[in-house]
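Note that the protein sequences, when read in sequence, are chains A and B. Using this note's numbering, the letters of the first sequence correspond one by one to residues 1 to 376. Using this note's numbering, the letters of the second sequence correspond one by one to residues 1 to 467.
Rather than coming from a laboratory, the hints here were simulated on the basis of the structure. Check each hint, because a few of them may be wrong.
Facing chain A, according to a computed beta carbon distance under 10 Å, are these residues of chain B, among others [stated by the list, open to error]: (1) G324; (2) Q328; (3) S360; (4) R370.
Below, a sample of chain A positions facing chain B; criterion: calculated Cβ distance under 7 Å [to be verified]: (5) G131; (6) T185; (7) S212.
Counterexamples of contact, computed for chain B against chain A with all Cβ distances above 12 Å [claimed, not checked]: (8) A190; (9) A376; (10) E396.
Note that the coordinates shown come from a computational prediction; the quantities given were computed from them, not determined experimentally. Think of the CB as a built atom: it goes at the ideal place given N, C-alpha and C, for glycine as much as any other residue.
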Amino acid sequence: MSTTKKDPVVVVFQLTGANDYLNTIIPYTDPHYRDARPRVGISEDQVLPIDDQLAFNPNMGPVKDLYDQGKIAVIHGIGYENSPRSHFRSMDIWHTCEPDKVGTEGWAGKVIRDLDPTGENVLKGINFGQGLPRALALRGVPVTSVSNLESYGIMSDVPGLSADRDKLLDRFARMYAPAVGTGATMDYLGQTGRDALRGADILKVAPEKYSSTVEYADTPIARNLKSIAQVYLADMGTQLFYTAHGSFDTHFNQPPMHQKLWIDCSRAISDFFQDLDEHGAGDNLIMVLFTEFGRRVRDNGTGTDHGAGGVAFVIGNQVKGGMYSEYPSLKPEDLQQGDLAPNYDFRGFYATVVDKWLGLDPAPIVGGNFEQLDFV
Amino acid sequence: MASKDEIALMGHLMRRAGFGATYDELQRRANEGYEATVEDLLRPEAHPPVDENVLYRFFPGMEGALAPPTNQADWVYRMINTRRPLEEKVALFWHQLFATGNSKVDNPPELTQQIAMFREHGMGRFPDLLVELARNPAMIYWLDNNGNHRGAINENWGRELLELFSMGVGNYSEDDIKEASRAFTGWTIAPKIPRNPLGRFYWNFEYRPEDHDDGEKSFLGHTGNLDGDDIIQIVVRQPATARFLARHMYNFFVADEPQVPSWNITPPRDPEAIDALVQAYEESDFDIRAMLRTLLLSDFFKEARFERVKSPAELVVGTAILAGNYNQPRPGFPALAFECAYQGQELLNPPSVESWHTGSEWIDGGSLVRRVNFAAGLMGNTTLPGIRSIVDGIREREANSPAELVEGCLELVGPLDVSQTTMNELLAQAEEDGYLRWETEEDARESEQRVGVMLALIAASRDYQFA
Numbered sequence: 001m002s003t004t005k006k007d008p009v010v011v012v013f014q015l016t017g018a019n020d021y022l023n024t025i026i027p028y029t030d031p032h033y034r035d036a037r038p039r040v041g042i043s044e045d046q047v048l049p050i051d052d053q054l055a056f057n058p059n060m061g062p063v064k065d066l067y068d069q070g071k072i073a074v075i076h077g078i079g080y081e082n083s084p085r086s087h088f089r090s091m092d093i094w095h096t097c098e099p100d101k102v103g104t105e106g107w108a109g110k111v112i113r114d115l116d117p118t119g120e121n122v123l124k125g126i127n128f129g130q131g132l133p134r135a136l137a138l139r140g141v142p143v144t145s146v147s148n149l150e151s152y153g154i155m156s157d158v159p160g161l162s163a164d165r166d167k168l169l170d171r172f173a174r175m176y177a178p179a180v181g182t183g184a185t186m187d188y189l190g191q192t193g194r195d196a197l198r199g200a201d202i203l204k205v206a207p208e209k210y211s212s213t214v215e216y217a218d219t220p221i222a223r224n225l226k227s228i229a230q231v232y233l234a235d236m237g238t239q240l241f242y243t244a245h246g247s248f249d250t251h252f253n254q255p256p257m258h259q260k261l262w263i264d265c266s267r268a269i270s271d272f273f274q275d276l277d278e279h280g281a282g283d284n285l286i287m288v289l290f291t292e293f294g295r296r297v298r299d300n301g302t303g304t305d306h307g308a309g310g311v312a313f314v315i316g317n318q319v320k321g322g323m324y325s326e327y328p329s330l331k332p333e334d335l336q337q338g339d340l341a342p343n344y345d346f347r348g349f350y351a352t353v354v355d356k357w358l359g360l361d362p363a364p365i366v367g368g369n370f371e372q373l374d375f376v
Numbered sequence: 001m002a003s004k005d006e007i008a009l010m011g012h013l014m015r016r017a018g019f020g021a022t023y024d025e026l027q028r029r030a031n032e033g034y035e036a037t038v039e040d041l042l043r044p045e046a047h048p049p050v051d052e053n054v055l056y057r058f059f060p061g062m063e064g065a066l067a068p069p070t071n072q073a074d075w076v077y078r079m080i081n082t083r084r085p086l087e088e089k090v091a092l093f094w095h096q097l098f099a100t101g102n103s104k105v106d107n108p109p110e111l112t113q114q115i116a117m118f119r120e121h122g123m124g125r126f127p128d129l130l131v132e133l134a135r136n137p138a139m140i141y142w143l144d145n146n147g148n149h150r151g152a153i154n155e156n157w158g159r160e161l162l163e164l165f166s167m168g169v170g171n172y173s174e175d176d177i178k179e180a181s182r183a184f185t186g187w188t189i190a191p192k193i194p195r196n197p198l199g200r201f202y203w204n205f206e207y208r209p210e211d212h213d214d215g216e217k218s219f220l221g222h223t224g225n226l227d228g229d230d231i232i233q234i235v236v237r238q239p240a241t242a243r244f245l246a247r248h249m250y251n252f253f254v255a256d257e258p259q260v261p262s263w264n265i266t267p268p269r270d271p272e273a274i275d276a277l278v279q280a281y282e283e284s285d286f287d288i289r290a291m292l293r294t295l296l297l298s299d300f301f302k303e304a305r306f307e308r309v310k311s312p313a314e315l316v317v318g319t320a321i322l323a324g325n326y327n328q329p330r331p332g333f334p335a336l337a338f339e340c341a342y343q344g345q346e347l348l349n350p351p352s353v354e355s356w357h358t359g360s361e362w363i364d365g366g367s368l369v370r371r372v373n374f375a376a377g378l379m380g381n382t383t384l385p386g387i388r389s390i391v392d393g394i395r396e397r398e399a400n401s402p403a404e405l406v407e408g409c410l411e412l413v414g415p416l417d418v419s420q421t422t423m424n425e426l427l428a429q430a431e432e433d434g435y436l437r438w439e440t441e442e443d444a445r446e447s448e449q450r451v452g453v454m455l456a457l458i459a460a461s462r463d464y465q466f467a
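Model the full assembly from the supplied sequences, consistent with the hints where possible.
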């Protein structure tokens with residue numbers, strides 16, 4: 001990679017709660033789809049057709065537009081063998097790439113470590129959301145987690161402190177200054193506190209530097225993607241952003257829930273890429289969307305239960321748009337316990353991003369060698 | 001009247017053998033005496049348990065709730081409001097040691113049942129506790145003993161029983177694991193009752209003789225038709241078990257040790273302390289209460305002040321106790337449970353059977369910011385009843401000079417020892433506006449605000465991260 005080229009950036013967007021594959025990319029002409037979805041199906045006259053078999057969900061118009069521009073790769077049938085149908089377990093598997101044992105090290109944390117082995121940039125990886133997903137957990141790798149970019153900082157929640165806050169932050173910095181002979185734990189705490197303060201100070205600048213004609217919606221996912229755009233455009237060297245939206249766990253009353261989720265996500269995604277393009281910054285970043293598994297083929301009357309095979313997306317100007325892998329068969333005899341049989345291992349999907357986009361060795365990150373795709 | 005030193009020691013005891021206490025409680029307990037308080041803590045049955053009727057009347061969906069964090073919130077409520085602090089702390093100790101997670105169990109009420117079992121048996125005899133653990137449905141499912149069959153063993157429970165729950169690596173062979181696993185075949189969960197139409201039922205232990213391997217087994221030098229109970233009786237008599245348990249207890253109650261996987265190569269930081277705990281275990285016929293008594297009355301315990309990094313649960317619950325606004329059912333407990341999770345300790349969902357890494361590994365950039373903001377946010381809020389009473393305490397003792405203000409605040413929140421670096425900043429902050437004044441309403445308002453800022457700064461310090 002030439003040195004004049006900007007570092008590649010990836011945004012990981014987690015659809016928490018198991019997004020319904022069948023009603024996201026709809027096999028609208030498949031009679032098995034009609035049979036299985038008497039209540040939670042989407043009728044043929046509403047869908048946004050891609051070809052004579054598959055269509056986008058009617059609420060994904062802005063995403064469909066990006067697809068038509070060749071900027072979206074759709075990865076069909078993604079998952080892994082023996083899907084446990086438990087949100088927590090499956091999310092752990094996606095986060096750690098460990099389907100056989102309970103893993104603790106996150107794949108995205110390993111990416112950050114390999115991008116910045118000395119931990120020089122405390123903002124190399126940033127999570128926008130509450131708490132740190134296990135995907136980002138790795139000992140010794142500093143990751144910043146921001147619940148609200150506007151108010152992010154240290155001692156941000158003390159009532160009546162606004163006037164004195166800068167002064168108190170100076171005191172905080174001195175309280176966390178290196179002190180001789182106080183022991184390893186005190187030293188480590190000091191370093192971590194100073195790093196956090198430094199990260200907060202740098203991040204504070206991002207919203208101030210930012211201006212755009214794009215007006216994001218007032219939804220949680222739009223706020224998070226806008227924050228990501230602000231930090232990305234401020235050029236702070238961040239190469240991995242992480243955020244999540246949900247809950248996609250539509251057991252009950254699925255149609256209106258799923259509709260709202262995709263309206264919010266589609267608009268936020270479209271606004272985000274428009275924002276980047278407006279700043280001429282859309283070529284260095286891709287966004288990957290995943291969910292822990294797809295949902296049951298047959299609806300339960302008002303919603304859908306936990307399934308297996310799902311769908312993932314990769315979005316960006318540099319993405320080779322189109323369909324990858326295959327839509328699993330909906331024939332009853334091909335289903336596994338009533339679910340779509342996954343036919344593409346999610347670790348190959350990660351490996352493609354890690355190898356072909358970020359230029360890192362994927363094997364130690366995803367735990368082996370898996371079939372890669374050509375979407376970047 | 002108890003002396004300052006006695007109150008400081010009581011603060012230490014209550015942080016370790018509980019989740020901390022207000023200054024008023026420390027004074028009262030210090031007046032009763034240290035040893036009397038230890039005995040009181042060791043006899044939880046002398047005090048009523050948390051009143052579940054009150055709790056579940058206020059939160060009707062809490063008992064048996066299937067979605068996190070409701071059951072976590074239930075536990076946080078108990079940690080704050082229990083009148084049996086050591087019982088609750090011991091339950092957390094066993095949860096961290098016998099780490100069972102919702103990520104796989106996917107059924108929070110079953111985990112809540114496991115915690116209730118720790119409350120009931122956690123201070124009894126170790127073999128009894130291990131038998132309860134081996135029969136606990138959440139544990140059976142977590143470590144696959146329901147898939148451990150005669151003629152087709154699953155070693156997961158057998159292995160972890162020896163490696164993580166009793167002896168530690170290097171003290172048994174792979175054959176011992178296989179033989180132990182054979183002995184636990186047939187220890188399983190009864191068929192689950194479907195949720196419809198009658199509602200949710202707890203899982204139950206079931207012993208299936210037809211699936212139990214009753215052939216001869218050889219385990220750690222013992223041969224015979226051993227079953228699970230026999231394995232536990234053999235395990236608890238191993239010197240390795242006594243040492244491993246003692247070290248866990250030391251790590252949790254006394255001072256941070258290196259991470260567990262390094263224990264077979266890194267010696268304990270205080271071998272004599274471990275010896276004392278081992279002796280208590282062996283002389284008492286494996287009684288946990290006896291070990292705790294030895295520990296809490298020892299000099300090594302009393303001298304180990306601020307030698308542990310608070311776990312998120314300790315930091316969140318301890319701060320909430322000081323803030324004084326969570327001492328009855330009210331909204332906000334799920335937020336406290338989330339706070340523990342965001343700081344890196346999602347209760348009832350440890351990252352794996354190897355549990356959380358403790359000590360300085362609780363701290364990373366994200367978790368430190370959360371710890372600081374959470375604690376400073378509560379401690380700096382002078383409208384909260386607990387913080388108000390600290391303000392009143394400063395006013396009543398006329399701690400008006402900058403040095404007295406700092407000293408008074410540190411005493412009322414801990415008492416907390418701080419490093420010279422921290423002390424310099426706290427004094428500089430106090431000196432900036434001179435003496436506190438309470439003469440007029442405006443003076444009082446301003447002084448109150450200054451106490452709040454001082455408390456927030458203390459809560460933001462490195463020193464506050466230690467228990």
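A quick look at each hint next to the structure:
{"no.": "1", "hint": "G324", "result": "violated (16 Å)"}
{"no.": "2", "hint": "Q328", "result": "violated (22 Å)"}
{"no.": "3", "hint": "S360", "result": "holds (5 Å)"}
{"no.": "4", "hint": "R370", "result": "holds (8 Å)"}
{"no.": "5", "hint": "G131", "result": "holds (4 Å)"}
{"no.": "6", "hint": "T185", "result": "holds (5 Å)"}
{"no.": "7", "hint": "S212", "result": "violated (27 Å)"}
{"no.": "8", "hint": "A190", "result": "holds (21 Å)"}
{"no.": "9", "hint": "A376", "result": "violated (5 Å)"}
{"no.": "10", "hint": "E396", "result": "holds (23 Å)"}
Violation of the numbered hints given earlier is confined to hints 1, 2, 7 and 9; the remaining hints are satisfied by the structure.
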